[in-house]
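Colleague: Sequence lines, in order, name chains A and B.
Numbering follows the numbering used here, in which position 228 of the first sequence is assigned residue number 228; successive positions increment by one, without gaps.
In short: position in the second sequence from 1, add 348, done, that's the numbering used here.
FYI, nobody ran anything at the bench for these hints, they're computed from the structure.
Take these hints with a grain of salt, some might be off.
Example chain B residues on the side facing chain A (calculated, C-beta under 7 Å, incomplete) [said to hold, decoys possible]:
{"no.": "1", "residue": "434"}
{"no.": "2", "residue": "436"}
{"no.": "3", "residue": "447"}
{"no.": "4", "residue": "460"}
{"no.": "5", "residue": "469"}
{"no.": "6", "residue": "624"}
{"no.": "7", "residue": "627"}
{"no.": "8", "residue": "632"}
Even for Gly, the Cβ is constructed at its ideal location relative to N, Cα and C.
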Amino acid sequence: MIVRTLREIGVALVVVFLFTTLVLVVSGAPPLQAYMVLFQGSLGSWVKFTQVIKVWIPLTLCGCGLLFTFRIGLWNIGVEGQVMIGAVFTTWMLRAGGGRPEIAPLFIAASLAASVLGGALWAGIAGFLKTKGGVNEIFAGLGLNFVAQGVLLWLIFGPWKQPGVASMSGTETFPTELWLQAPALLRIPPLTLGIVTAALIATGLLLRHTRIGLELKAIGSNPSAAFLYGLRPSALMLLAMLFAGGFAGLAGNLQVTAVYHRLIPAISSNYGYLALLVVMLANYNIWLVAPVAFFFAGLNVGSIQLPMLLQLDSSLSGVIQGALVLATLGMHGWRRIRLNREQAKQRL
Amino acid sequence: MTEFDFSMIIAGVVAGAAPIVLAAIGETVTEKSGLINLSLDGSILLAAMVSFVAALKTGSLLAGFVAGALVGAAVAAIVAVFSIFLLQHQVAVGFVLTLMTRDVAYFIGNPYSRIQGPHATPVAIPALDQLPFLGPVLFSHNLPVYFSVLLIAIAWWYVYRTSPGLRLRAVGENPQAAYARGISPWKVQLLHAVGGGLLIGLAGATFSLCTKPGWGRPQGAEGAGWIVLALVIFGGWHPVKAAAGAYLFSFLQVMGIYFQGWLPSVPAQLFQVAPFPLMIFTLLIMSFAQNESVRRWSGNRPRFRIFLRFFSGLAPAALGKPYRPD
Numbered sequence: 001m002i003v004r005t006l007r008e009i010g011v012a013l014v015v016v017f018l019f020t021t022l023v024l025v026v027s028g029a030p031p032l033q034a035y036m037v038l039f040q041g042s043l044g045s046w047v048k049f050t051q052v053i054k055v056w057i058p059l060t061l062c063g064c065g066l067l068f069t070f071r072i073g074l075w076n077i078g079v080e081g082q083v084m085i086g087a088v089f090t091t092w093m094l095r096a097g098g099g100r101p102e103i104a105p106l107f108i109a110a111s112l113a114a115s116v117l118g119g120a121l122w123a124g125i126a127g128f129l130k131t132k133g134g135v136n137e138i139f140a141g142l143g144l145n146f147v148a149q150g151v152l153l154w155l156i157f158g159p160w161k162q163p164g165v166a167s168m169s170g171t172e173t174f175p176t177e178l179w180l181q182a183p184a185l186l187r188i189p190p191l192t193l194g195i196v197t198a199a200l201i202a203t204g205l206l207l208r209h210t211r212i213g214l215e216l217k218a219i220g221s222n223p224s225a226a227f228l229y230g231l232r233p234s235a236l237m238l239l240a241m242l243f244a245g246g247f248a249g250l251a252g253n254l255q256v257t258a259v260y261h262r263l264i265p266a267i268s269s270n271y272g273y274l275a276l277l278v279v280m281l282a283n284y285n286i287w288l289v290a291p292v293a294f295f296f297a298g299l300n301v302g303s304i305q306l307p308m309l310l311q312l313d314s315s316l317s318g319v320i321q322g323a324l325v326l327a328t329l330g331m332h333g334w335r336r337i338r339l340n341r342e343q344a345k346q347r348l
Numbered sequence: 349m350t351e352f353d354f355s356m357i358i359a360g361v362v363a364g365a366a367p368i369v370l371a372a373i374g375e376t377v378t379e380k381s382g383l384i385n386l387s388l389d390g391s392i393l394l395a396a397m398v399s400f401v402a403a404l405k406t407g408s409l410l411a412g413f414v415a416g417a418l419v420g421a422a423v424a425a426i427v428a429v430f431s432i433f434l435l436q437h438q439v440a441v442g443f444v445l446t447l448m449t450r451d452v453a454y455f456i457g458n459p460y461s462r463i464q465g466p467h468a469t470p471v472a473i474p475a476l477d478q479l480p481f482l483g484p485v486l487f488s489h490n491l492p493v494y495f496s497v498l499l500i501a502i503a504w505w506y507v508y509r510t511s512p513g514l515r516l517r518a519v520g521e522n523p524q525a526a527y528a529r530g531i532s533p534w535k536v537q538l539l540h541a542v543g544g545g546l547l548i549g550l551a552g553a554t555f556s557l558c559t560k561p562g563w564g565r566p567q568g569a570e571g572a573g574w575i576v577l578a579l580v581i582f583g584g585w586h587p588v589k590a591a592a593g594a595y596l597f598s599f600l601q602v603m604g605i606y607f608q609g610w611l612p613s614v615p616a617q618l619f620q621v622a623p624f625p626l627m628i629f630t631l632l633i634m635s636f637a638q639n640e641s642v643r644r645w646s647g648n649r650p651r652f653r654i655f656l657r658f659f660s661g662l663a664p665a666a667l668g669k670p671y672r673p674d
């Protein structure tokens, strides 16, 4: 499976490389220089590399969560809002801890728990609407994303606004004792690396070596037969949503405690939506989620300097990422058609 | 508020709603065939960019509108082909495309940001525009605005009063049965995805050449596609109701300026969010209205029954479920 997926990603990379070069030529940009900027801007120095890791962490966390919902056949598009609500719960907890430096670590720990709870709560609403209300999780999730964005803006411009004037720059920055500390050389808080590693291991174990993982897969691959085995699809769907929301909430927490140190309107940075692409490109394989997320994170960070150096828009990263996923979807389709044809031939 | 002011507000609502109406009807027609084109938030932007650039380079507004419509149709065709012939999850394809087309639009459109370009000017309809109230409200607009109003009637007539419309609904409700009757579900879905895509592209062109002239990041059409998706549901997959939702949304947006005066602490972005809880609520009511016990309970409660009937629109039974012959 992994080898085939990797081979497909390889072919997709070639196709997308040609496509992107075409897009660059059409927009009158020098392709070679653009690729150089992408590379230099992401892996050109240790500082850049640590920036990539800072994007990789939330992407991987969201990706882990999405593996649960994809496994049972749910399209958790609401992951974006779950990241936002995780960040909101984090900020809520940290605000309570302001001005008491001696017990700051306690509040950071509490904020981690709160973010998991917040993300799971938001995902739980979509899950509940799906299982009890008969509302498609895609529409419910999309709607809740915008509601979460509304909540975020309301908090930043209302109750949590900076002293003086509210602005798009977000809430007041937290005192440094409420930041996740990073050693000067490493530049990344070690705790975040620990969290993401633990998340990957836990997801892998849960999905591959526990009953829950097996049941999720059973329902995902055949919802009507699952009933015969005495499985309860709605309970497991809710569970999968809670897992996904929890991981997304955690990503939201780290965006606040390790990256921005305050709540900003774009706190989720589209990482939830991007994680959906990551998991699709990884073909729902846990081993590939981390490397694909790293590649996507590199593209994101590398493209930041495009406007300054080449007067190009930074959305080039999105073009490459989208084209990659589209190309692999096309190849999956092609394979399925061929498979169907062969089966039809054998039947004759 | 004087009467003059009021008619100006309503005229603003009709003009502002034009692209939303176009896209909402396009998406409704597509979804009537059972196919969800989730790409429209991005494809509206890409169409907006392409039509602005096309109009700028050729100096012809018509070329701009045509180019925009073609872009919308092309993106919709990708969704349809991936879903129908390559057997891929239509939501997955639409989702990838909505992110990707937006980024393509920003990237290629970058050199054309914030420059003056051509834009449509109002064409008053002689005599009719002199009517009190109705004149400014309905008869002093740009051509796309007239088209958006006409389209509501055309779409209703097409979907509910013609035989292609009947085939469209048949495929959306029960593709197997339609197939047994000699209708090709694939052809119907492909055609209506492309047709709906033309309208979605036209919506993008209307944004950049009419409603919010020009190109830039942000253009101003961001988020419109998601709102349209919500309105299609709110309208219960009925083109007229979806259009009514578009006008309601446009009205709320125009009134948002006034609301902000009354509630200065509430940011303007919050009004943008309003359609989404409404969408979820509509879906919830729709689902409950299907419930047998809820129906029995409402049997002798006429007011509640009217309420249910208002939300009684049902998704096409095969919506999002690809037709696969056995």
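Colleague: Each of the hints needs a verdict: does it hold here or not?
Modeller: We went through each hint and held it up to the structure:
{"no.": "1", "hint": "434", "result": "holds (3 Å)"}
{"no.": "2", "hint": "436", "result": "holds (5 Å)"}
{"no.": "3", "hint": "447", "result": "holds (5 Å)"}
{"no.": "4", "hint": "460", "result": "violated (10 Å)"}
{"no.": "5", "hint": "469", "result": "violated (30 Å)"}
{"no.": "6", "hint": "624", "result": "holds (4 Å)"}
{"no.": "7", "hint": "627", "result": "holds (5 Å)"}
{"no.": "8", "hint": "632", "result": "holds (5 Å)"}
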